[in-house]
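Visitor: Add 27 to the 1-based position in the sequence shown for the numbering used here, that's all there is to it.
These aren't lab readings, by the way, just hints derived from the structure by calculation.
A few of these clues could be false.
27 Å max Cα-Cα, derived DSS-like pairs, lysine-lysine [to be verified]: (1) Lys136 x Lys204; (2) Lys204 x Lys185; (3) Lys136 x Lys49; (4) Lys204 x Lys159.
Taking CB as the label site, the calculated pair distances span [to be verified]: (5) Val67 x Thr121: 36 to 46 Å; (6) Thr73 x Ser143: 19 to 29 Å; (7) Gln103 x Asp38: 43 to 53 Å; (8) Ser143 x Gln103: 16 to 26 Å; (9) Thr131 x Thr75: 15 to 25 Å.
No residue lacks a Cβ here, since even glycine has one placed at the ideal position from N, Cα and C.
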Amino acid sequence: YKGVFQYATIDRNLGGAFKWIKLTTTNDTADLVVIGNFDVVPQTGTVTFPTAGSWYDYFGNFIHPATGGVQSFTLQPGEFHVYTNRNVNNVVATPVTNVPWNGTTLEAKAYPNPVSNTTAFSIEVNVPQSSKTTVELYNNIGQFISVVYTGFLTNGMKTISLSALNGPAGVYFLKVKTKDQTKTVSLTLQ
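Go ahead and model the full structure; you've got the sequences and the hints to work with.
Guide: In structure tokens form, the structure reads like this:
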């Protein structure tokens, strides 16, 4: 999809709780409209789709009839929609399996994810070279919370077992740092 958005214009309204972003390609290959309510109460906002016609909700699997003029939406707290001008809901994707690790990049993933705030979890780390490794915990606005692991890891695949976080539910970020590289992974706490 590299060429799909290569020649695109981006329009946005990120002020207030109701936000939208429009990405319009010059050759009309794949236009995109994203709307969302970033508040804790219902919000109503307006957006104008780049063209009139059928717009497809990427996650909702339904069609929105765009008028080409200003349209009003009322969204519940946290509700969002990603609309495309092409129906991609029934496209058959070819999965990529067994992509070999090239041995030069730090890789990490947390599991189980999401996890209960009272459940221990693990981070699987693929370390390209032996190094002191730290794992730091950040909240969803990037504030540092704590260091949850410090140790020396030899190169290769390693599993770091961590205690339950016992924090409020939400999205957190684990920053895995070695001597030369950093990898950030998200963790959803329920």
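Visitor: When the structure is checked against the list of hints, which entries are broken? Sort them ascending.
Guide: 3, 6, 7 and 9
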